[in-house]
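Using the hints, position chain B against chain A.
Spelled out, the chains give:
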Amino acid sequence: MNVLGSALGDIYSFAIYCYFPVALAVFVFGCVYRILRMVFFWHRPMKAEPRRRGAGAVFIGLIRTFLDPILFSLRYRKWGFVFGLLFLHLLGVIPLIFLLAHHVAFFAYLMPFYSIVWPFAIPLSATSSVLTVTAPIEPYSQMSFTFVNTVWGPLTIILNGDVLTVLALVGTSFKIGTKIYERFVKGLRNARITDILVYAILLEVLITGYLAARHHPPTPVGTDIIVYRMLMGLHVLGASTLLAILPFTKYWHIIFGYWYGKFHEWYDLRVRRGAV
Amino acid sequence: MSHTQLLQTILEEVKKVVRWEGFDGKRVDEAVKRVLAGIDVVKLHYLENCVGCGACAPSCPYFYVDEKYSPVNKAEEARRIYRKKLTIAGMILGPLVEARLPKNEEDLDRVVEFVYRCTNCGACYTACPFGIDSGALMVLMKSFSTVVGRVPTIMAFLEAVERLEAYKEIPALVNAWKNVVDQINRELGRVVELDRKGSKVLYLPTLIDVISYPKAVVATAKLLDKLGLDWTMPSEPIGIRPPIAVVIGLSDRAKIVLKRVYDYIESIGPEIVVLIDGGFVYPLLRFELPIRLNVKPRFRVMHIVELLVESIEKGRLKLKYVEDKVTWHPPCQMTRRGGLTIEPEYVLKVVSRGFRRLPHHGLESYCCGGGGGIGCITFEFIEAIAKMFGVDAKQLISSDKERRFIEETEKAYKIALKRKIDDIKKSGAEIVVTACPTCMRTIALGAKLYGVNVKVLHIMEYLYDKI
Chain A
53 MNVLGSALGD
63 IYSFAIYCYF
73 PVALAVFVFG
83 CVYRILRMVF
93 FWHRPMKAEP
103 RRRGAGAVFI
113 GLIRTFLDPI
123 LFSLRYRKWG
133 FVFGLLFLHL
143 LGVIPLIFLL
153 AHHVAFFAYL
163 MPFYSIVWPF
173 AIPLSATSSV
183 LTVTAPIEPY
193 SQMSFTFVNT
203 VWGPLTIILN
213 GDVLTVLALV
223 GTSFKIGTKI
233 YERFVKGLRN
243 ARITDILVYA
253 ILLEVLITGY
263 LAARHHPPTP
273 VGTDIIVYRM
283 LMGLHVLGAS
293 TLLAILPFTK
303 YWHIIFGYWY
313 GKFHEWYDLR
323 VRRGAV
Chain B
232 MSHTQLLQTI
242 LEEVKKVVRW
252 EGFDGKRVDE
262 AVKRVLAGID
272 VVKLHYLENC
282 VGCGACAPSC
292 PYFYVDEKYS
302 PVNKAEEARR
312 IYRKKLTIAG
322 MILGPLVEAR
332 LPKNEEDLDR
342 VVEFVYRCTN
352 CGACYTACPF
362 GIDSGALMVL
372 MKSFSTVVGR
382 VPTIMAFLEA
392 VERLEAYKEI
402 PALVNAWKNV
412 VDQINRELGR
422 VVELDRKGSK
432 VLYLPTLIDV
442 ISYPKAVVAT
452 AKLLDKLGLD
462 WTMPSEPIGI
472 RPPIAVVIGL
482 SDRAKIVLKR
492 VYDYIESIGP
502 EIVVLIDGGF
512 VYPLLRFELP
522 IRLNVKPRFR
532 VMHIVELLVE
542 SIEKGRLKLK
552 YVEDKVTWHP
562 PCQMTRRGGL
572 TIEPEYVLKV
582 VSRGFRRLPH
592 HGLESYCCGG
602 GGGIGCITFE
612 FIEAIAKMFG
622 VDAKQLISSD
632 KERRFIEETE
642 KAYKIALKRK
652 IDDIKKSGAE
662 IVVTACPTCM
672 RTIALGAKLY
682 GVNVKVLHIM
692 EYLYDKI
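Line by line, the protein sequences are chains A and B.
In our numbering, each residue carries its 1-based index in the first sequence increased by 52.
In our numbering, each residue carries its 1-based index in the second sequence increased by 231.
Only chain A is shown next, with the shape it has when bound in the complex (with noise of 0.2 Å):
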């Protein structure tokens, strides 16, 4: 069977046609279970009055309550702030998710309205990357988008797949190691084997991702297109398996965990209990 020009038996037809649909359907899925969970876990207690702070009070709480711990992590924990933080969430994975040109092309392919994302795009490669500040010239050739004059200007050069993916490969690295460590040598049971196994899958995405953007391995003739769509496939593979383990894993503090978590805190100690 032939898709676009493609035998549907390589790997990267699989992953796209037969592997992401399922994995989408089973992160569906366990959306829908982790919520209907929690829903089955309420009850509505009986509550006492709350302490009334005023709105202003209430307001920079919820700023408090989301910056606190950050500052906290800088100031306390600096390695995990670098690496975890900063390395491997903000100039890592969420930007290399959300806004990678071909990922911004994928999500707005299927969901139409990510189209809105465009403006915040951010190039694959550094060279192109650096040519849109150093050269800013609009490509001859009809481009849907290009990246020249864009909101970043010149944090382009560092807001590009090549550069992020780095530091997310280096961030990744960091956890996985340390896990190790804490787990194995310290023998600290909140090191948790399945993290690490979650991480690794990780790693794959990105270096997969990494390899396929540069067209690695380079061939005396050019890119080599079977690898290419193998490293692709994989790449694919590996993204959508973390989607659909995305409800039953660490990764659902993304979507649900991180945002509960903390509008839940800031109720509970900055709404009700009045601390400022």
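Honestly, the hints are just simulated from the structure, not real lab data.
Quick reminder that beta carbons are idealized off the backbone N, C-alpha and C, glycines included.
Misleading hints may appear alongside valid ones.
[As the list claims (entries may be wrong)] Cross-link-like lysine-lysine pairs, in silico, PhoX-like; alpha carbons within 25 Å at most:
hint: 1; chain 1: A; residue 1: K238; chain 2: B; residue 2: K453
hint: 2; chain 1: B; residue 1: K527; chain 2: B; residue 2: K453
hint: 3; chain 1: A; residue 1: K99; chain 2: B; residue 2: K453
hint: 4; chain 1: A; residue 1: K130; chain 2: B; residue 2: K527
hint: 5; chain 1: B; residue 1: K299; chain 2: A; residue 2: K99
[To be verified] Far from chain B by the CB rule (all over 12 Å, computed), these chain A residues:
hint: 6; residue: L76
hint: 7; residue: F150
hint: 8; residue: H154
hint: 9; residue: W170
hint: 10; residue: S180
hint: 11; residue: A327
Just chain B now, kept in the frame of chain A:
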């Protein structure tokens, strides 16, 4: 029955509960059921959404004793039980997904060690990027530990004494209460009508207040009179520090005592209930009473500092101005759990030009390390209680194993409190004012241990001659 006989009966009851040796499968099953019954939607979040990043670790005073005492590692005990009993992966894959029930003596010993290395101060709650309150999970594990019998005898004893109201029969305690009431009458120059129904304000000191800082109890009465409030107080204590049962994780027993307190308050029918204890009693009566008893109270629970702020702001109270080098130690229960983050400092700033904040204050305040019953698990405290109650101190330690546990806990406690003492030292304060009896004892102990010359006072004790 004489008070000696009554105490012996209680000690017999306690002996049946406390078990530091062995592994009793039936008790473990019952304890697991308790843990699972305590899970609600919020605790489900605490159990499920921890990513194990360890960001909470530096917030815990016991992390500085040993890394294994980080909140995330301690709370893993509860998560392992939860995964094993309530997740499909845990039921099928077991230890592969870190799902496991305690299955031997060593496991039970580890649980009790971990639960008494947590003060439930809430510092990990605000430090956690996901808003996970590991302290709440340790409270669940405390119930587990107590049900399996790994509970300090001193704590089980005090809980039983309070629940059975045996403290009303102990001469030393009865006299302590009577002396304070007499002193109040003398200071006010009138006889306060106790238990007066229909009073607008019910002043509710407990036995621990009377024993730890009688001067503060008297100062509060003076303040209430000075403000011209229509107030009364109980003729006999409503508890030692009600409900002590929460400190050993027994919510059902806490409910019995809490209901008694609630019924007493209702019988008086006040608009305001005033407390001076800034420990767990405050957030419990202020925020948790409606949840635990499923009632909507008609009264408002206030800590004395709230009343002070209100009175100062409305110009009803003028305080004598001094220049003391004074600081405020925020008790975790009153501050993080109770939300009174700014009121005490406001009062102290009004009183003293020399007021200075601790380097770590408000929500970021360091825990002293004595909460969660840990401050009571010392030989000195056990001997003091034995003397006060007229029992043999040996009866308050069930076995050599428990004795070793007390030794280890005391050792850890003395290390954990150092961080707070260093903070106080940095502030340059000569007087540390606070509102929790446990914090007061802990800071006084730490100051002595680490050679810091500070006086530790309850806020009302400090204000005694300034009202």
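Here is what the structure says about each hint:
| no. | hint | result |
| --- | --- | --- |
| 1 | A:K238 with B:K453 | violated, 56 Å |
| 2 | B:K527 with B:K453 | violated, 31 Å |
| 3 | A:K99 with B:K453 | violated, 33 Å |
| 4 | A:K130 with B:K527 | violated, 46 Å |
| 5 | B:K299 with A:K99 | violated, 35 Å |
| 6 | L76 | holds, 21 Å |
| 7 | F150 | holds, 19 Å |
| 8 | H154 | holds, 27 Å |
| 9 | W170 | holds, 30 Å |
| 10 | S180 | holds, 34 Å |
| 11 | A327 | violated, 5 Å |
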